[in-house]
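Its first residue numbered 88, the sequence shown is counted upward by one per residue in this note's numbering.
Be careful, since some hints might not be right.
The calculated BS3-like cross-link candidates involving lysine-lysine, where the alpha carbons are at most 25 Å apart (straight line), are [what the hints assert, rightly or not]:
| hint | residue 1 | residue 2 |
| --- | --- | --- |
| 1 | K177 | K236 |
| 2 | K116 | K132 |
| 3 | K236 | K132 |
| 4 | K215 | K236 |
| 5 | K116 | K215 |
| 6 | K116 | K236 |
| 7 | K116 | K177 |
I should point out that these hints are in silico values taken from the structure, not numbers from a laboratory.
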Amino acid sequence: MKKAIPFSLFLLLFIACEKEFEPPFDNQKFYDYHETQNWNSEDFKSELIGEWQLIYQYCCSEATSAAWADVREEEYVLNIGVDSIQVYRKGELASTTFWELETRGETAFYLNSEVGIENTFGTIYLNKEYLLFNGSPSDGSDSYYERIK
């Protein structure tokens, strides 16, 4: 019992001193970069073309279960072409669908596809080599992708 008390105090101190988790992305930086680019739909679509791997998701900012999830191990990849998107899971082609860029207002872009594509809900923002589908303002999750090609 006497040995358990010092160990418990050490464990409590270790947990209390642990560095607070910092989110891997700051949405404000996505918004700011997006605004400085003065995107038009043609240029934005051109920048979207390529391969993107889903790396993080943030779900439900107002919920008690809000959390960041590192999802790289799921190997979820979007191969965005000029008019089609291929979805890969663990290296295997899961689906292909046609898509177009939907513009709302002057600088709000959305993915419009024949069939819904998981992890592509919300306004799209580009930040250099990263892509954000910002679904949290509509109670969805935010999906963060990294360009791989």
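What are the numbers of the hints that this structure violates, sorted from low to high? 7
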